[in-house]
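All chains should be modelled from the sequences, with the hints used to inform the complete structure.
Okay, here's what each chain looks like letter by letter:
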Amino acid sequence: MFKRSDDSLIAKALNGDQRAWQQLVNRHQSALFYFGLRLLGSKEDANDLLQDVLMVLCRNLGQYRGDSSFKSWLFGIANYRAMDLLRKRKYSDNDDALAELADDTPDLAQQLASSQTQQQVRKQLLRLPAEQRLVMELKFYQQFTFDEIASQLAVSSNTVKSRFYAALDKLRLQLEDDHVEQSANF
Amino acid sequence: MSNNQQIFELWLEGKISAEHCAQQLQDDPVWYGRLQNALAINADAKLPAFTAIPPFDSSALFASQWQRPKPQRSWWPQVSLALSCAAMLISLSPAQLRLQDGSLTLSWHNAKAEVDAAVSTALTAYQQQQQQWLAQQLELQQQNTSSQLVLLKDYLQDELKHDQRSDMLQLVEYLNQQRQADWQYWQENYQPMQAGYRPADSYYLTPTQSGVVKP
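The listed protein sequences derive, respectively, from chains A and B. Taking the working numbering, the leading residue of the first sequence gets -8, the next gets one more, and so forth. Taking the working numbering, the leading residue of the second sequence gets 13, the next gets one more, and so forth.
To be clear, the hints were calculated from the coordinates, so they are not data collected in a lab. It cannot be assumed that every hint is accurate.
Claimed, not checked - Computed footprint of chain A on chain B; a stretch qualifies when at least three of its residues, placed anywhere within it, have a C-beta under 8 Å from a C-beta of chain A:
no.	region
1	50 to 56
2	66 to 76
Unchecked claim - With a straight-line cut-off of 30 Å between C-alpha atoms, the simulated DSSO-like cross-links for lysine-lysine are:
no.	chain 1	residue 1	chain 2	residue 2
3	A	-6	A	79
4	A	62	A	-6
5	A	114	A	62
6	A	152	A	62
7	A	62	A	3
8	A	79	A	152
9	B	27	A	161
10	A	114	A	79
11	B	27	A	34
12	A	79	A	62
13	A	3	A	79
14	A	34	A	62
15	A	114	A	-6
16	A	-6	B	27
17	A	114	B	58
18	B	165	A	152
19	A	161	A	114
20	A	114	A	152
21	B	58	A	-6
22	A	79	A	34
23	A	161	B	173
24	A	62	B	27
25	A	62	B	165
26	A	161	A	62
27	A	152	B	27
28	B	58	B	27
All figures in this text were calculated on a predicted structure; none of them were measured in a lab. The beta carbon of each residue, even a glycine, is placed where N, CA and C say it ideally should be.
Right, here's the structure in full:
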């Protein structure tokens, strides 16, 4: 079936077409929700973020000019709101959140996603500083380019890259520490 | 930007495979470690997510922001106007509703209009024919008039010449008469007197012997 572009859905929504709005929300809400879930670590916070972003989106839909892709523009809003939430709630190393994340998955999914390495990766990602975690999320999970991430975060492309490589190095160190700990436990 | 960073970013952009990238970076433990971590995160990113998304009704949010109340519109005035127009159209058009032998027939035939049209066509044709005939007659009459004028001109010219000639002849005749009368007067009154004064040896002969012919 013919899929309408985001731009045409926005144009229709701005004329009061509720179906177009619903289509636009359905198209992007799962990406936003999982973005929040990975970044904030809890289902409730992810849901709060999703609702918050949709409210901001609804209010500012008329301000989208089409200079970048709609997804990039939308994640620009989501990044700002997520960082705001992270700053307010002082997220840090949150093992409970990871546990909650794992508990929500069904058995089959758990089987698929519960390899030790993946568990470790998610755990280590949550231990990264918020800005680095955000860059990793946008690069690997949302598949944005460095330039797009830079535009969304209103920083230079080099800053994004330095955060990205710093995050990778930190992950390496954390994983090495984990290996040492596990070896010591044995 | 180091060469290894370039290789790593080429892999990130999907321009080279992970195996090729790993092969290129295996001598550099820092970059190789970064690649391994990136591969692990990439694999996690490709796993499907199963957590149910909590339902959120954004319709009310949208309605309050972007939907305007629909104007209350009554269709009766439009229906009334449409029916009035239809009635006028039917009354003005040649449509005829005919009830015949229990059947209702709607026809668009109009005999009067057809007759009017035929009469109008015939009249137009007759008018054109008459105009054509009149034009021909006028042309013919003009030709006749011009030929008659030519004849009249010739006749008048001939008459003029004839009159001029007769006038000249009359003049000549008159002049001759005058001369003759003068001659006769001279002969009767002056010749004898002249003869009395002429010497005998005059070379002038008598008028009777002069050989002059009386005009």
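The hints, checked one at a time:
{"no.": "1", "hint": "50 to 56", "verdict": "holds (count 6)"}
{"no.": "2", "hint": "66 to 76", "verdict": "holds (count 7)"}
{"no.": "3", "hint": "-6(A) - 79(A)", "verdict": "violated (39 Å)"}
{"no.": "4", "hint": "62(A) - -6(A)", "verdict": "holds (16 Å)"}
{"no.": "5", "hint": "114(A) - 62(A)", "verdict": "holds (27 Å)"}
{"no.": "6", "hint": "152(A) - 62(A)", "verdict": "holds (21 Å)"}
{"no.": "7", "hint": "62(A) - 3(A)", "verdict": "holds (17 Å)"}
{"no.": "8", "hint": "79(A) - 152(A)", "verdict": "holds (26 Å)"}
{"no.": "9", "hint": "27(B) - 161(A)", "verdict": "holds (26 Å)"}
{"no.": "10", "hint": "114(A) - 79(A)", "verdict": "holds (21 Å)"}
{"no.": "11", "hint": "27(B) - 34(A)", "verdict": "violated (36 Å)"}
{"no.": "12", "hint": "79(A) - 62(A)", "verdict": "holds (25 Å)"}
{"no.": "13", "hint": "3(A) - 79(A)", "verdict": "violated (36 Å)"}
{"no.": "14", "hint": "34(A) - 62(A)", "verdict": "holds (22 Å)"}
{"no.": "15", "hint": "114(A) - -6(A)", "verdict": "violated (37 Å)"}
{"no.": "16", "hint": "-6(A) - 27(B)", "verdict": "holds (28 Å)"}
{"no.": "17", "hint": "114(A) - 58(B)", "verdict": "holds (17 Å)"}
{"no.": "18", "hint": "165(B) - 152(A)", "verdict": "violated (120 Å)"}
{"no.": "19", "hint": "161(A) - 114(A)", "verdict": "holds (13 Å)"}
{"no.": "20", "hint": "114(A) - 152(A)", "verdict": "holds (22 Å)"}
{"no.": "21", "hint": "58(B) - -6(A)", "verdict": "holds (23 Å)"}
{"no.": "22", "hint": "79(A) - 34(A)", "verdict": "holds (17 Å)"}
{"no.": "23", "hint": "161(A) - 173(B)", "verdict": "violated (144 Å)"}
{"no.": "24", "hint": "62(A) - 27(B)", "verdict": "holds (23 Å)"}
{"no.": "25", "hint": "62(A) - 165(B)", "verdict": "violated (108 Å)"}
{"no.": "26", "hint": "161(A) - 62(A)", "verdict": "holds (29 Å)"}
{"no.": "27", "hint": "152(A) - 27(B)", "verdict": "holds (18 Å)"}
{"no.": "28", "hint": "58(B) - 27(B)", "verdict": "holds (18 Å)"}
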